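A.B. asks: Spelled out, the chains give:
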Amino acid sequence: MLRLGIDIGGTFTDFALIDGSARRTVIHKRLTTPDDPARAVLEGVASIADEAGIAVGAIEEIIHGTTLVTNALIERRGAKVGMLVTEGFRDTFDIGQEQRYDLYDMRLRFAEPLVPRRHRVEIAERITHTGAVLTPLDEAAVRSALAYLVETEGCEAIAVCYLHAYRSATHEEATEAIARSLYPEIPVSTSSGVFPYAREFERWTTTCANAYAQPMVDTYLARLTDGLAEIGFAGRLAIIGSGGGLMSPETARQHPVRLLESGPAAGVLMAARLGEAHRIDNLLSFDLGGTTAKGALVRGGKPFKTYSFEAAHAYKHKSGSGLKLQIPVIDMAEIGSGGGSIVRIDQLGLMRVGPESAGAMPGPVAYGRGGKEATLTDANLVLGYLDADYFLGGAMRLDAAGARNALDARGKPLGLETLRTAWGIHDIANEDISRAFRMHATERGFDYRRSGMAAFGGGGPIHAARIARKLKVPQVVFPAGAGVMSAFGMLSGAAQFEVIRSHRTAIDALTGDDFKRAFAPLEEEASAYLLSAGLAPEAISIERRLDMRYRGQGYDIEVALPPGDPAALLAALPALFDAAYGAVFEVTLDEPVEIVSLKVEASGPRPVPVPILAKATGSAEDALKGSRMAYFPTAGGLIDTPVYDRYRLTTDAEVTGPALIEERESTVLLDAGDVGTVTPSGDIVAAIAL
Amino acid sequence: MTAERFDAVDLSILWERLVSITDEGATALIRTSFSTLVREGFDLSILIFDAAGRMIAQSTKCIPVFIGTAPVTLSHMLMKFGGKLKPGDVVVSNDPTIGTGHMYDLAVMRPIFRNGEIAGYAMSITHLPDIGGMGFSVSAREIYHEGLRLPILKLVKEGVLDEDIVELIRLNVRVSDQVMGDIHASIAASAVVARQVLDFMEEYDLASLTPLADEILAQTEAAVRTALAALPDAEYTSETDVEAHEEVRTLKCRINKAGESLTIDFEGTGPCVGAGINVPFPYTRSMALYAIKCLTTPDIPNNDGSTVPITVTAPVGSILNAVPPAASAGRHTIGHFVVPLIYAAMAEIVPDRVTAASGLTDIMTIQGRHADGSELSATYFAAGGFGGLDGLDGRQTTPGSSNIGTTPIEVFEPLSGLLVEKKALRPDSGGAGQFRGGAGQTIVLRNATGHPMTVFSMANRTQFPAEGLFGGKAGALREHLIDGEPVSGQGRHTLMPDGRLTLNQAGGGGYGPPAKRPTAAVRADLEAGFLSPDGAARAYGVRWDD
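Residue numbers (the numbering used here), protein chains in the order written: chain W, 1 to 690; chain E, 1 to 546.
If you're looking for bench data, these hints aren't it; they were derived computationally from the structure. Accuracy of the hints is not assured; some may be wrong.
Far from chain E by the CB rule (all over 10 angstroms, computed), these chain W residues [what the hints assert, rightly or not]:
| hint | residue |
| --- | --- |
| 1 | Leu392 |
| 2 | Arg435 |
| 3 | Ala689 |
List time: in silico DSS-like cross-link candidates among lysine-lysine, alpha-carbon distance up to 25 angstroms [said to hold, decoys possible]:
| hint | chain 1 | residue 1 | chain 2 | residue 2 |
| --- | --- | --- | --- | --- |
| 4 | W | Lys316 | E | Lys61 |
| 5 | E | Lys422 | E | Lys516 |
| 6 | W | Lys318 | W | Lys302 |
| 7 | E | Lys84 | E | Lys154 |
| 8 | W | Lys318 | E | Lys61 |
| 9 | W | Lys305 | W | Lys318 |
| 10 | W | Lys316 | W | Lys372 |
| 11 | E | Lys61 | W | Lys324 |
| 12 | W | Lys80 | W | Lys470 |
| 13 | E | Lys154 | E | Lys80 |
| 14 | E | Lys84 | W | Lys324 |
| 15 | E | Lys257 | E | Lys154 |
| 16 | W | Lys470 | E | Lys61 |
| 17 | E | Lys61 | E | Lys157 |
No experiment lies behind these values; they were computed from the predicted model shown. From the three backbone atoms N, C-alpha and C, an ideal C-beta is built for every residue, glycine too.
Bound conformation, chain W alone (with noise of 0.2 angstroms):
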């Protein structure tokens, strides 16, 4: 079975082909086109069939990832929105959530709304908390309103926005109905429809949102799927979504807003792979790229997932000046740390790295292409870690002395050496991602210290064995194929498709079958979406997941119920309540439990993994290509270091640290007594002198 993974990323597009009969992998990279991003993707098809000796119309399945909403949201080239909002809220954006995220800084800036004031218009209608009708809805008022903004300002796509929506959505499905049949060529978003949570603030953000890319994104995946039939692809397409499942075009046309952070989501559906295949229970996946760098977790070879994700960061970076959506979304945490990380001195006279980039252009220093500040990049060239001759396979020449000149300009003044100015970087930069995972992890009441970890990304295999040595983790799996993880982690996604929806009940008041009645809705529509994309009813499998909380209490607790009969767990819902409310407070009150919403997740069945690499046994030794002089200062300072071609090492091969491993795309760095062993699959998995 021949399958591809298609990763859009800012700078390159990635291809992955798996051909599961032959056991092989092809890899294909080629520059993004941002004016027309499908054509790289078209051309890159054609290219890795030729590469790999098959026709296009071989492919059964193609997986793709794209950061077309994400960047749409950041430079803000969507459609022209109109929304409707319930009578009294028309300011609900601009009001805002009345925080200041950074309590010093007196000129914060915020997102913009996606949809400007003029385009706003208020309905009288109004549902209660209860779901209760308390001002039907005004159908005139629709009418005209839809009127004024479609024909008198030329909306291209209409968000309806109501209170309380996610409990009753009878107000805006009447009013779709309404648009659908004066306008049906306009897209319409319901904020019951895109993502059905309480908090109006950002469930009219997510709202707007997805309707601010639908047009953008039909165009898209129209003139996809038209080339790729040209070329002669008859396989199925699908999209990988921002919490790692799979959807069609059909349904990605309906919810573009759950395609932000498609790319990052399959790294994380990759590590979540290694961590199953390598026994690791608990696992933190870190991946470094040019810009930043992202940590998640996983459990039991499932991501954390989450509700909340911040769109386009409007000021300096902040958390907080974005635009703040409600979708299902693998849980990360964006670090300001990447490759091109800019190093400056601080008011106190420190050193900092980042969270200013130079990004692919001009880059480092090193990249030679006009880049003049000293970057994390350049540090690792200096301290040896990297090989001037043989970055990207040595397709790109790196220019040392620029590195180390741009270094001595800030460790100078400081009174520092080169090599100690240039470690002092790699350092903070360790030290940086440690302190975000510790965070990330701590609040998720994850206990980080005795887990493994997952490095990828360009730039993740060098740092990740020193970043675990901080964490105290002592375990790293560096994985084969880590500069093209994202395309990878495609391939190994399932068909997912999560629906929510407002049920506030106490659970005292219901019986067995009100219980699994409550769920049957929702099972029948996730589950509707893999129908559609051709998946058979008994290949679906459906979990469901509930929030609770104590009544009374601001806050909800997620509970998971364990896979049968919905009817008969009921009886077990108080105890599950209790486990899942003391894991996170460590005490259980004596106070009547509600439930707040229901959540159905349908799935298809994973893929099976395909051995990336397999080779026959022999010693490490077989692999060493050289060596280097790198900077080790557990082991002296700077030492003749021995360097093993990846390519060639074989299953069982055993790398003691000092080492470094190049492949194409990314360098393993082994710390002094870390050891690597090679496990059939070509992964290194180390462990970590602690």
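Starting from the structure of chain W, add chain E where the hints point.
C.D. replies: Same frame as chain W, but now just chain E:
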């Protein structure tokens, strides 16, 4: 170890790690906290002190009240228990006069022992869900009405929890499980911080925190002194009138900037009043330190080095230096004025950094019964507009002085039994100016419970608006109305079934003369709902003809 060992790299790493330990502790506490203020508003702090009791690291996210207060608390704890602390001891107190100014905030301190010696101290301070008394309101006449005041005492002695004190606390508070849950979490957090400090010393082979502390404090102090030295030497004054529970008080401040140091004196400020809005001195001082930090060194971490060059004084017994029996549960109502007071005084020195006065925050507590008869109690926050700045309009509905987020309507309605009928920008409320003040908002709440409801208001700016700067105009006043009739912003009101409470939030002050505001900006304000056509004509002389 000598101080020479720390270069810019070492210091960066070691310092970051200490702050990281406090941030991790704060994160863990927020996760388990029962208090809305802690969860949504960072009303907590975690701190590390060296063996000499000098504060060297503090969790990053907090509100202003935690700047500079904890060292005072620790020094009083050491005055009582110095030399008598044993491993496993935990000392607590919520005394507002040595803490943060109200009894909701409990300080929990644990000495860090290494090889039988004290290596430092770990402390957590969190806002408890309840402390008994009259609840979170300004209605108390004296401190004895405000709940349980815990003197400095050992809650845990050599690892053994004092069950008598626990029983005393449980008996005196509402939601006692939640209160004790938060206290236990604080005790656990102090243990985690202490353990991590010991691991840190082990990892970096530090026999003592003292040399590192010397370096951290010296660098911080030097940065503050450098920033102060860059300002011209002079004496600056300002004063403002504030409503104080059916009376008016004048707050005065005199700032003297000389060389690398600065003194702030609130001499001349009026006396305390018989309501829970008096401000104990630690709160006044922290607000003053916060204001100066924003103007001079906003990016440096909080520690004792940053406060050394700044001296703050206020006359004992004044409303900015309240002593028992003065009540202080709602001390923010007056205390929030310290920041605009200082900005007004500093405006001449740093005109490009100050903001015009802000509309500040409206906080109220609501008590009553849900439609089904069960008890309800909820807190509501609403922000006025932010003050204008040089080159930047004040942002609408943004809390000034302190910081707290709003509760979403969809979450608030079921908690409070109130129906939010409207929440909209309040046109013409932001002060006119070249850079206008931020708009306030109008909120209409209807009692949908079918039962009478009690509203405890803790509002300000109902008589004295947020003033503009450099010719900018004042923002609109805050107004509270019940069924259309104005009511006092500080006190207790009954809202009958289906009664409507209207809150008009105060606007921020403008910056610079309105005549200098470009017509295009005025038109944009009309479009954005910040101005009405009439308001535009009144404030800027611009007629909107369309």
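A.B. asks: Confirm or reject each hint.
C.D. replies: Here is how each hint holds up against the structure:
1. Leu392: At roughly 30 angstroms from the nearest Cβ of chain E, W/Leu392 sits farther out than 10 angstroms, so the non-interface label holds.
2. Arg435: The assertion about W/Arg435 is violated, with a minimum of 4 angstroms to chain E.
3. Ala689: Fine: 14 angstroms to the nearest Cβ keeps W/Ala689 off the interface.
4. W/Lys316 x E/Lys61: 17 angstroms, holds
5. E/Lys422 x E/Lys516: 34 angstroms, violated
6. W/Lys318 x W/Lys302: 28 angstroms, violated
7. E/Lys84 x E/Lys154: Judged against 25 angstroms, a Cα distance of about 11 angstroms means the pair holds.
8. W/Lys318 x E/Lys61: 13 angstroms, holds
9. W/Lys305 x W/Lys318: 22 angstroms, holds
10. W/Lys316 x W/Lys372: 21 angstroms, holds
11. E/Lys61 x W/Lys324: 19 angstroms, holds
12. W/Lys80 x W/Lys470: Violated, because 48 angstroms separates the two Cα atoms, which is more than 25 angstroms.
13. E/Lys154 x E/Lys80: 11 angstroms, holds
14. E/Lys84 x W/Lys324: Not OK: E/Lys84 and W/Lys324 at ~51 angstroms, beyond 25 angstroms, violated.
15. E/Lys257 x E/Lys154: 42 angstroms, violated
16. W/Lys470 x E/Lys61: Between W/Lys470 and E/Lys61 the Cα gap is close to 23 angstroms, so the pair holds against 25 angstroms.
17. E/Lys61 x E/Lys157: Judged against 25 angstroms, a Cα distance of about 31 angstroms means the pair is violated.
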